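Asks: For the protein sequence lines, the chains are A and B, in the order given.
Letter 43 of the first sequence, counting from 1, is numbered 43 in our numbering, and no numbers are missing.
Letter 606 of the second sequence, counting from 1, is numbered 606 in our numbering, and no numbers are missing.
Calculated from the structure, these hints are not laboratory results.
Predicted model only: the values in this text are computed from it and were never measured.
Each hint should be verified, as a subset may be incorrect.
Said to hold, decoys possible - DMTMM-like mimics (lysine to aspartate or glutamate), calculated; alpha carbons at most 20 Å apart, straight line: (1) A:K40 - B:E204; (2) A:K97 - A:E117; (3) B:K649 - A:E58; (4) A:K105 - B:D551; (5) A:K105 - B:E263; (6) B:K27 - B:D58; (7) B:K690 - A:E53; (8) A:K105 - B:E231; (9) A:K84 - B:D237; (10) A:K40 - B:D84; (11) A:K105 - B:E648; (12) A:K105 - B:E204; (13) A:K97 - B:D237; (14) A:K40 - B:E229; (15) A:K40 - B:E605; (16) B:K690 - A:E117; (17) A:K105 - B:E306; (18) A:K105 - B:D58; (19) B:K649 - A:E53; (20) A:K97 - B:E648; (21) B:K235 - A:E104; (22) B:K232 - A:E104; (23) B:K649 - A:E47; (24) A:K40 - B:D551; (25) A:K105 - B:D84; (26) B:K580 - A:E117; (27) B:K232 - B:E263; (28) A:K97 - A:E33.
Stated by the list, open to error - Derived DEER-like restraints, expressed as beta-carbon distance ranges: (29) A:C39 - B:V595: 17 to 27 Å; (30) B:A60 - A:C39: 51 to 61 Å; (31) B:S475 - A:C39: 55 to 65 Å; (32) B:E323 - A:T60: 54 to 64 Å; (33) B:D237 - A:C39: 23 to 33 Å; (34) A:A94 - B:A467: 50 to 60 Å; (35) A:C39 - B:L398: 39 to 49 Å; (36) B:T280 - A:N62: 57 to 67 Å; (37) B:A39 - A:N26: 44 to 54 Å; (38) A:C39 - B:D551: 13 to 23 Å; (39) B:D552 - A:K76: 54 to 64 Å; (40) A:N62 - B:W375: 18 to 28 Å.
Just so you know, even glycine gets a beta-carbon here, dropped at the ideal spot from N, CA and C.
Residues per chain are reported as follows:
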Amino acid sequence: MKKQLFVLLIALGLCGVSYAQQKAKNTRTAEIEIPGYCCKGLNATIENTLAYERGVVEWTLNLDKKSVTVVYRDGKTTPAKIEKSLAANGVRTAHEKPNPRAIEKLPACCQPAARGESKGAISNCK
Amino acid sequence: MRTSTPFVSLLITIVLLAFASPLLAQKVQGVVVDANSHAPLPGARVQWLGTLRGTVCDNAGRFSLPRQAGDTTLVVGLMSYGNDTVKVTTESVEVALAPLSTALKAVSIRKRRKNTIHKMTDVHPTEVITVEGLRGLACCNLGESFENSATVDVGYSDAVSGSKQIQLLGLTGVYSQMLLENVPFLRGLSAPFGLGYVPGQWMESISVSKGVATVKNGYDAITGTINLEYEKPLKGDRFTLNVYENTDLKSEATAKFNHRFNERLATGLLLFGTYNARRTDHIGHDGFSDYPLQQQFNVVNRWDYEAPSGFHSQTLFNYIHEERLGGDMRFVSSMRGSDSIYGFGGTTDRFHFFTKNGFMLSKTASFGSQVSATWFRQSAYYGLSDYHGEEKDLYVSLLVNAEVSGGHTLDYGVSFRYEDAAEALRSQPWLSAPVTSFGDEISLREVVPGLFGQYTFRYGDDFNATAGVRYDYNSHYLRHLVTPRLHFRWRIAHRWVLRGSAGLGYRTPHVIAENFGLLASGRELHLNAPIRMEEAWNTGVNLSRKIDLGDDRELTFSVDYFHTGFRNQAVVDLDQDAYKVFIYNLEGRSYSNVVQADVNVEPFEGFTVSLAGKINDVRCEYNGKLMRKPYTSYWKGLLVLSYHTRFEKWRFDLTTQLNGPQRLPLNKGTLQGEAPAYLYMLGQVTRRFKHFELYAGVENLTGHVQETPVIGADAPFSQAFDASVVYAPLMGRLFYVGLRFNLL
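Based on the sequences and whatever the hints tell you, model everything.
Replies: Below is the structure:
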């Protein structure tokens, strides 16, 4: 029994290593527009999506430009795929409509923008 | 109420404005909207923080409020939205309020994820175990979900049935009230084993409030309230799957499906199954299996409807079937009735239903109704003792909540409960006479109509108090019951909160079901007079402090003291004779004093430490002698360490409990007097991937177990037998792995 657990832990460890190795060369940079990027409240959702995205090496959030700059491994992913994943987690991008169920998990202040409703800035968006 | 409230609010607003008129030089205008729909919120309250100066939004959600020097922050609130504070720097603001249900949800998603939340705004000292906290435990069921909480203690009822019981404030869980989404749940006969009927993965959160509850949910809830929230179909993910397997070959699977027909109507299906196919005898090596063979199937179907008008309806159906088989390793179910091989068997069926419906009567008043019904049947045998329990209950409650004017709220309503519980206990071989002086069947039929009212005063965020009283008539005891309850919360200084509560509570004891573990012993049951209703006062104070450590990290500290004093109790006296148990009405004193301190801190990002300590002083007069209550730890220490890497790809949880010594009742074993303190540790590693997560963990890391779980195991059909003396873990070191899959 303990052996089984050990094997599992090693397997988990290997997964981690293979992830780390992806930070190699062959990278490209893309700027993904996020029209619904209303405030800092959306940072966590964007980052949590990119962190689990295959082929994404690093990223920079640009709240003022309403975009995120992503460095990714060529051949592992494409900006279109990344946009799809963001949309699946409720983030509206230039080309993808967000998953309505995921929008409800966004901070309340970011939800109208994610739905594409353009209302004025909201004061209590934290 | 319906017509007068807006008028009263308007009047108050006018009065407030009149007072403020000399200062009208400066003002703030704005609009309050729903954060989800962006629709204006007429009737929302807007008030300057720390003052009584405020107003109510008009039909378009607009407001205008004079501003004085020092007015920097607005408190904005609406009944089903809760309060939010907004710093105001400009002359016009737009405030988006999130409905309460989503606001609560947002806490666990958006904010730094916390395992437990100590609420600062609630009038009760409340500890919320979140879905995040539950993820760090392999909580197979509710009984295993409290391992990171110092408030609730969990112990086994006996060494053969494998069932667990909780303690709150040093008293068994039956003195607290279990609620499922604020509807009374697991009452009466199903209370003692109920913890096993709630799968851990179904729950969204567990709130544990110490001290008497408000009067809304009945006259019980003496030591506290445990409210469970299942996943809501309108909010939940489409599909979730959890599978679990441990090294004793116990398997569990949970599946949750949510389907949304449209914005308003959704249904959810929750499924759970557990199968424990192997018996082991690692503990005691006495020929008795450590844990019974167990099979459980549990299903919930629920429907939620939410209309934009504010009408909200929730209906839930739950069915459970469970079978257990334990005792001697050689025992199979066909041997039932054997007087040479000791067996334990139990079959439980339980059907539970509730429907909750609510709507707004006006901008400031709401109406809610609750109807719940349960049918429960349990058939069990311990050796040659047969137990059969059957229960039907129906509960109806109608409630109106009305904000009379800013800061003053009234709740009032009526309730009705019907409960029919029949228990039969037969054929203990060492007894020729019936178990009790009034036969071997105990039936109890209660009709309890009641009405209640409570008044809440709120002064901004600084002070709130609730005073309530309810009147009920209990047809079984022919008693008129008056239940007063009082609560307050006072913010004595910035981030310091003082709370207090006091109240009287009553309970109908079910002496056999609640002492089920005793059936696993050769003790002769002496129950010679009818047991009256249990009655107790509970008072408590709590002081909480939050300190900002910057960078969104904080330290919370809380200390509380609770006293429970019984006016009557069903006393279970194990100390007169090791071969007998006497159950009688309290004569003399019975009380519990509990002091607890908790510290929660996040020393650096991703790492949280919770440290808690508790002292229990629980005593009762047994046959004229004041003694400590058996099986209650004198003290408890708890350390919970939790660390996660960035984005929670890896998560590590380690819990260490130090359980203090406990008094043992007079028994036939070799250990008398006091059971020693022991250490109990558990840990888990979780690795998260894009669509699923894997976890592996260990329970009872130190492997400390009770040396002799079954006294007299070689002669189970004699009076020398006793498997009810349980003071340490009955499960050795145990490893497990599991997988959770989630489809948004």
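Asks: Hints broken by the structure, by number, lowest first?
Replies: Result: hints 1, 4, 14, 16, 18, 20, 26, 29, 30, 39, 40 break, sorted rising.
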